[in-house]
Amino acid sequence: SQQGEEDPQALSIQEGENATMNCSYKTSINNLQWYRQNSGRGLVHLILIRSNEREKHSGRLRVTLDTSKKSSSLLITASRAADTASYFCATDGGGGGADGLTFGKGTHLIIQP
Amino acid sequence: ETGVTQSPTHLIKTRGQQVTLRCSSQSGHNTVSWYQQALGQGPQFIFQYYREEENGRGNFPPRFSGLQFPNYSSELNVNALELDDSALYLCASRGGRSTDTQYFGPGTRLTVL
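Line by line, the protein sequences give chains B and L.
Heads up: the first sequence runs through residues 1 to 113, numbered per our numbering.
Heads up: the second sequence runs through residues 114 to 226, numbered per our numbering.
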């Protein structure tokens, strides 16, 4: 079963604009991770935010986490054509990872040149 | 490049057959997880191996089984293939200094006819 739900399911913006994707989840977490996937291939890890963190930055990426609302957002600033991909949030409930990561269905982002 | 490799890249099987997929984890990583990603969905956790023992399993039947070897490489075996087993199979490794972040391989695309 999928714990997380990304919103929107699809997003199309112009190059240079900012893209914001949201993720909601259902149970308590140890950390939340964002991944990118190009054309149905392997997942690329973007950023990890722990349950005791509220915001994290990495280059053009900014992630927020609100554990009280069980939600997270991923902001990509100054988007580029190469950012076109599917983006997934994944939650880790802890326990040594024995339950694995629980992924949402993803947001398909299209950057138009 | 994550350093995680998978083989084969693509595979076509018929219903009822058995298949073995292989994964080489990133150097220094002692934990391997397998995920199934159906078209248009997020990955779903199959199981996790830590130091050659399965220590976590998702909601998959026993015909999905695995192995982890002393060099931490891994196999996923699926018996009695069904049409719904058609998917992208991803392995991910973690460990070393970054125990929470999972590094994914490029995946094996399995088609069951």
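Bear in mind the hints are in silico, worked out from the structure with no lab data behind them.
Note that the coordinates shown come from a computational prediction; the quantities given were computed from them, not determined experimentally.
Take the hints with a grain of salt, since some may be wrong.
DEER-style ranges, computed between Cβ atoms [what the hints assert, rightly or not]:
{"id": "1", "chain 1": "L", "residue 1": "P121", "chain 2": "B", "residue 2": "E15", "range": "35 to 43 Å"}
{"id": "2", "chain 1": "L", "residue 1": "N172", "chain 2": "B", "residue 2": "S39", "range": "26 to 34 Å"}
{"id": "3", "chain 1": "L", "residue 1": "D197", "chain 2": "B", "residue 2": "R41", "range": "15 to 23 Å"}
{"id": "4", "chain 1": "L", "residue 1": "N192", "chain 2": "B", "residue 2": "T77", "range": "41 to 49 Å"}
{"id": "5", "chain 1": "L", "residue 1": "E166", "chain 2": "B", "residue 2": "G40", "range": "27 to 35 Å"}
{"id": "6", "chain 1": "L", "residue 1": "Q130", "chain 2": "B", "residue 2": "E55", "range": "25 to 33 Å"}
{"id": "7", "chain 1": "L", "residue 1": "P174", "chain 2": "B", "residue 2": "D7", "range": "26 to 34 Å"}
{"id": "8", "chain 1": "B", "residue 1": "T27", "chain 2": "L", "residue 2": "G116", "range": "28 to 36 Å"}
{"id": "9", "chain 1": "B", "residue 1": "Q9", "chain 2": "L", "residue 2": "N172", "range": "18 to 26 Å"}
Covered stretches of chain L (in silico footprint by chain B; criterion: 3 or more residues with CB under 8 Å from a CB of chain B, positions within the stretch not fixed) [to be verified]:
{"id": "10", "segment": "182-190"}
{"id": "11", "segment": "212-221"}
From the three backbone atoms N, C-alpha and C, an ideal C-beta is built for every residue, glycine too.
Hints and how they fare:
For the hinted restraint 35 to 43 Å between P121 of chain L and E15 of chain B, the CB-CB distance of approximately 36 Å keeps it satisfied. Against the hinted window of 26 to 34 Å, the Cβ-Cβ separation of N172 of chain L and S39 of chain B comes to about 27 Å, which satisfies the hint. Taking 15 to 23 Å as the suggested C-beta distance range, the pair D197 of chain L and R41 of chain B conforms, at roughly 21 Å. Between N192 of chain L and T77 of chain B the beta carbons are some 48 Å apart, a value that agrees with the proposed interval 41 to 49 Å.
Take E166 of chain L and G40 of chain B: their Cβ atoms lie about 31 Å apart, and the range 27 to 35 Å holds. For the pair Q130 of chain L and E55 of chain B, the beta carbons lie near 49 Å from each other, so the given range of 25 to 33 Å is not met. For the pair P174 of chain L and D7 of chain B, the supplied restraint of 26 to 34 Å holds, since their beta-carbon distance comes to about 32 Å. For T27 of chain B and G116 of chain L, the Cβ-Cβ distance of about 31 Å falls inside the hinted range of 28 to 36 Å, so the restraint holds.
Evaluation of the 18 to 26 Å hint for Q9 of chain B and N172 of chain L yields a pass: the beta carbon distance comes to about 24 Å. Coverage of a stretch by a chain is defined here by at least three residues with a beta carbon nearer than 8 Å to that chain's beta carbons; for the segment 182-190 of chain L and chain B the count is 0, and the condition is violated. Beta-carbon proximity to chain B at under 8 Å applies to 8 residues in the segment 212-221 of chain L; the threshold of 3 is reached and the given coverage holds.
When each numbered hint is compared with the structure, violations occur for hints 6 and 10.
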